[in-house]
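Sequence order for the protein chains is L and A. Residue 343 in my numbering sits at position 343 of the first sequence, and the numbers go up by one each step. Residue 291 in my numbering sits at position 291 of the second sequence, and the numbers go up by one each step.
Among these hints, one or two may not hold up.
Said to hold, decoys possible - SDA-like, lysine to any residue: derived pairs with alpha carbons at most 20 Å apart:
no.	chain 1	residue 1	chain 2	residue 2
1	A	K417	A	S442
2	A	K498	L	D48
3	A	K2	L	P108
4	L	K64	L	S20
5	A	K148	A	S442
6	A	K214	L	V51
7	A	K462	L	T42
8	L	K47	A	G312
9	A	K576	A	W255
What the hints assert, rightly or not - Here are a few chain A residues that sit away from chain L, every Cβ distance over 12 Å (derived from the structure):
no.	residue
10	V80
11	G131
12	W134
13	Q245
14	F246
15	Y294
16	G302
17	K387
18	T419
19	A521
Said to hold, decoys possible - Part of the chain L face toward chain A, derived, beta carbon under 7 Å:
no.	residue
20	R34
21	T41
22	Y80
23	F128
24	H131
25	D170
Hints were generated in silico from the structure; no laboratory data involved. Just so you know, even glycine gets a beta-carbon here, dropped at the ideal spot from N, CA and C.
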Amino acid sequence: MAVFISRRLIFLVFVMFGVSFIIFGLQMTFSPERRAMVFVTTPQQAKDIPVLIKKYGFDQPFYKQYFTWLKEVTSGHLGYSLVASDSVWRAFWRYFPITLELNIFSSPCIILFGIWLGTKAGQKANTFTDHFTRIFSIVGWSLPTFLFSLVMLMIFYGYFRLFPPSVLGDELTLLVYGNTGEFVRYTGMFTVDGILNGRLDVTFEALKHLVMPVLTQMVVICAILMRVMRSGMLEEMGKDYVITARAKGVDKKTTILKHARRNALIPVITVAGQLVAALMEGSIAVEIIFNRKGLGWWLAESAMQLDMPVLMSLCLFIAIVFVLANLTVDIIYAYVDPRIRLS
Amino acid sequence: MKKLCIFISLVFALALMSDSALAGDPNTFVKATYGTVRTLDVATAYDTTSGMRLRNIYETLVEFDGESTERFRPLLATEVPSVENGGISKDGRVYTFNIRKGVKFHEGQTLTPADVEYSLERNMIVDQEGGPSWMMLEAVTGYGGTRKDGKIIPGVFEKIMDAIEVKGNKVVITLPAAYPPLMGMLQYAGQSIYNKSWAIANGAWDGTLANAAKYNGPDFNTEPLQNVANGTGAYKLKSWEKSNQFVFERFDGYWGQRPAIKTAIVKYVPEWTTRKLMLQNGDADTVTVDNTYYPEVKAMKGLKIHLVPQLGVSMAFMNQKINMTANPDVGSGKLDGNGIPSNFFADINVRRAFQHAVDYRAMREDVANGLIHNPRSPNVIGLPYYKKVPLPDFDLEKAAAFMKKAHGGKVWEKGFKMTITHNTGNTLREAAAMMMAENISSLNPKFQIEVRNVQWKDYTVKYRQGLYPIFIIGWGADYPDPHNFLYTFMHSNGVYGKHMGVAYGDVDKLCDEGIQNADPAVRKRVYHKLQDIWYDRALAVGVYQNILVKAYREETTGFVPNPMFADAYELLRLMKKR
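For reference, chain A alone in the conformation it holds in the complex (with noise of 0.2 Å):
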């Protein structure tokens, strides 16, 4: 009993001692989430996470003007080059960026317009597989890959270099035709600039054409910036224990205004009641908070939450030619009561009726507790030429109305068996497929509809297969222009648009006419009329375009929201803390 007693009393000891937490030193910056970093390599992060290290480590040449994703502020160029200013061509095909001068890197070398071109042209040559080097390629190059069925394309590497050329003090990049997104594409953490001796005595590409080839593609551990930083950013790498925390320490030869907190650090914390407490009791001045909990941190005193739409849709797509092998989603894959053929969404009055068996009020306001805008086409809310196309209504007469006129009235007349397949935890998508479900087969004791939850990584080989008649998937952007939507929603080689079956010449032709032309007024008139023809066929039913929770302790200012940026997203220079 006496040994039980000392132990008790060291317990009590220790439970007394101060912690050293720092959320409460003004000069401190503590996140705690749950995304981890994969690389700081900036010519193959391509997460979210690993973009908000960047962002905060390496500059780019703009970046967006506070909330806007349309309005550009220069950063690393002098300004922001637009026709009227002579910084972009007539034709839409050249950029021309005065590159700002006496900006130092974090080890100490100046800023040059070669480091500009040699880190622009990396990150284009390297273009590792699933990385996001094919964003800059295809704009430069027309290829949108340096590689096709495994070898390198012949001439890719010479175009990418004479692409992007020095001029004195400029940098100039000559595109092969207009391609109106540029600019959004050069705000991407992706397009940062590094130093080029430094990059080459780490182990980069030595920025010769010859050895262009020897760098390209490299496996996922081998890339050589990947565990090292030397940007010109307010912050630097002061220490990375993967996925455990990143720590940020400020940089005091930034060329810019000096930033507030003196040490940021963003913790790894996958488990939502540590964060949660957390915040609460001050150990961080932000977390993660994904929507089913933001009725939890609404309720929490102290905090200033931002609510940011962000660009970014889930949609449920109904597949127009669905791989009948081996699938156990289609039933006996006719339409004779017990099953759906391969092209029972061709039909779009099947697709109307699914449209209207969905109540968008109640997935708005009672499932998404309002963190939703319901969605009404791809083009979403935040986007340039957003147009409010109708929402179509939930009414079980019209999708009843609709299902009688379905393959000739066979559909009502025989019925069908069928199932719809959402990724295991997404609550918005299990709510869709639920009410699809619930609703059509209320319509006809014929119609029999099940739900199945699938892993995600299951999903994505599923869909991609072919296999299910409506898979549900979302599409985050990857810079703010209805190209990056439209075209792999509608087109007939879009990421979406193949997978679903469809296959519209006009849909084509006019994605095609949007990314090739400068012109805004042509832009606006093809980028409406899509979003018309997206409702007119009925093409998908819209599931829900998210709106982001940000909480951050009260004495904790300068959060700036984008819809372009998720979560993981704070510039830290902008912080500030009382």
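Isolated chain L (complex conformation) (with noise of 0.2 Å):
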């Protein structure tokens, strides 16, 4: 085990560099005069663009350019945000931790309706059960989140005054962000730092900020692993040991649980492990409408913007997740089966 996932590590290595490398020369057909652009907001700054260029050596050739980039990544400095007004690095941990509490949320929840609408479906194959939930996975599927967002905002937040945006209410915010030393942010997440100082109205508040993100992304993204499954699930039952199993006598419930479903969940698992990855890029739509300021509306905003050390280190990030993930989904395969070793 620690062998395959120290090589899985030194291999991560040659991945971030491959990323890195990759993304620097695509930003590289990017003019000079473009990339200098990021520095500018109005028409009155643009005489400046030829200093600019000069002063941060965009029109250096490829190989000076990235090697410069190196050198400071190497020693710790992933550069500067002009869209976060700060350096990347101390951007990135003031974001980061409002994806992860997404994330922390949302994918369980995903994960288990997901696998539990899946399994539903499997079993009663062809039945109203499962012509409504293919249904409801199919319009789940199909619909863009923004706009799925919007009319969950529009109909929760606006009509029904429930649920507002953004991760907690005015007077909340004023204490978490008033750095008075009242309430220390721990994590960054709210949910848990509520409870660390004390303040279960934080950890409340920030769960009710939480529950239209969340819903959104459930019904979103669960879609797909509801089909996996709901597959897999199919093809399990048909298989000799189910009948076997129900021939022996074992009842229905611990044959479709205990053995059909545990065989369906590999692909389920890859499937997962691959949602769960991209879920920390940060959910673009749903971060913005619900106006939470996490890493989906940092890369979003950033892309937009071209802020470059921003997008490198973003994807260098993003290349690290999915890395863990994949090293995470071959370890839970062992797990869930047995017959698989890990070499």
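From these two lone chains plus the hints, build me the complex, please.
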């Protein structure tokens, strides 16, 4: 196991090098003027473009710019984000907990709900339950996230005034961001920090503000898991060992839950791993519409403004997340199916 | 199923919990907007959002008198200098400011004339690339910058430090020549006053000539006062969660009248629907409203809407010297029916034809919901020396007649092909481009005009390379003076004049005469003449002068509209809530 993990981690270094090389190469396709424009927000400032190009070396050859960047990164300087008005490192630790918190709540909901629905659909193939869940999954998967987020916001916040956007209400926001020492942001996740600070009002309010984003992600994303689970269940339910178990008198519930569902989980784990990894990049539409400043919002804004230090750093982060997600999936495979050995 | 019921019950329980929203609190003002603050360093802030924060935390020597952009009232000075009260010398070169006594900074220091001298000098010495220092530098040194070709101009720092001196309780600014817009520049947030010892302690310029160069042209992330603030304003910085929210707290030691609002929260909410619902539900007292959404806020109840004409203008510039190198927008590059030559717009008949091909009324009433003025020249409504020169009428017969005369009749005979570009997302500029393209194309089947949109940042790069036959772009006032517009648009070295490929000796001379003369009668003559020339030579197509929509909840009062200030602006010390 240790050898397997070490090998994967060494592999990660090459992945990061490759990703950084490709992304850096892609940004070189933009002219030096276009890259200098990231510093320009008004027509008045445009006159300084030639000076900015010289100052930041945008006219240097690719290899020089790449190695300068590599040197800075390896010495711990990820650069400065104009979008966040802060160093990339500090900004990352400000936005990452917001995305992580959403994912900590939404991922289990998505996975468990997807597996539950898929199991039900597979178990009751071609019945009303199956048709309903299939339609639900098709609709959910087809819905653009931004549209569904807007609908949820307009109904629940706009009409019923129940679930406001943002991460907290005003009063508690003033408390947590006030830097008065009354509230310590240990993790940056307010549900957790509320408990650590003995302020359950913060935790509950943070939970309240998570309901809509989590529900939106559940509806939109669990569809694919449900479909994979359903297919897996249908396949497993028709296999000989299920028929044998039933013939031997094992009750239906045990057959489904202990045997068929466990075997049907393998492809679900693969998909779930990728989904959770993708969610770590942040869900752009959900974060923007529900006004949660996480990695998704930051990535989208940086991409629009060509904030290269952010794009480079987030691409590296995404590479790390995907490699680790795949590693975790491999480890879970071995747990779920003992026939699989890590080597 | 039991687990699902528990889950749903929990969600309902959370839904029933009250939220700690504060917009209903009469002591708290909440604004939702999409502008982000870049820096709190007065010397480098050059965006309207940062300017709004600075304007409430710091103070300048003078400020605009309410809605006026021509009258001023004293702030940290005790009176507005004028020739009559001896505050401005007769030749317009020397300005004397009496500094107010008993003013405290947020951290407890007392304001002195030395703080004023230091702040004004540092605001020029820093001179970050793309920063706002050029304005005062142009007035004080005549250079418009401290560097040339990347090197510091010899003697520039001496000039700066000699120009601003303390004399007793007065601060005297001595200019090399009269510079009439100076007062308008001094009200700019970038000329705010801060405490010298505090700034030095935070790593800013140490106040010595010897070290000035060391603090000149800092990188974007290295301004020492970027994240801290210590002004004399009615509000102090309580917290700033970057790109998320900015919180002001009333400064109890403020020298002026105690403001009504105790806490002001500015939230960054990029999505319009979210902002709109916040305003509708009373979770925000005001939100940023783009003009496109005006009908939506107009239909909402319980709002007070202000319409504020802005000192800014967008025009479609006709490039008289198009850069033909690898240019996809000029077709064959010849007047052969498949392209246009470099000097296509150098013929005034072509320019006149394009001017007559725009339905200005439809632009104003139908496209912009009445939220624009049709600009007649760059010296728009609200600027001093405004002259109502004629607006070309929408008349396709006239347009055809001009086209028949253009380039000795060759344009009509051979036809042409070109592309009009506009930046993505600006519906008014898009509409203007479409109108010109469709109406001109309708004159003659041999006229082919396509319309293409380009991202703003790419657009700015390309128009500066002279690649666009027509570029549609805007300008917002740095200070309320015709020089800021007419020089920019018409002078052969102006930001847009240069890229229009025009070089009129008489225009350049008039632009220079206008800024070097303090006599209002002379300036009036000069700027009226320039506006006449703008019309006579048909230099561009006026697209719009924007009218800003400011929507407040009815219970929120105190907003003072001023054409110089964009949406970000709110003078919190005047705001009140019932």
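(message) Hints numbered earlier in the text: which of these fail when held up against the supplied structure?
(response) 5, 11, 12, 13, 14, 23, 24
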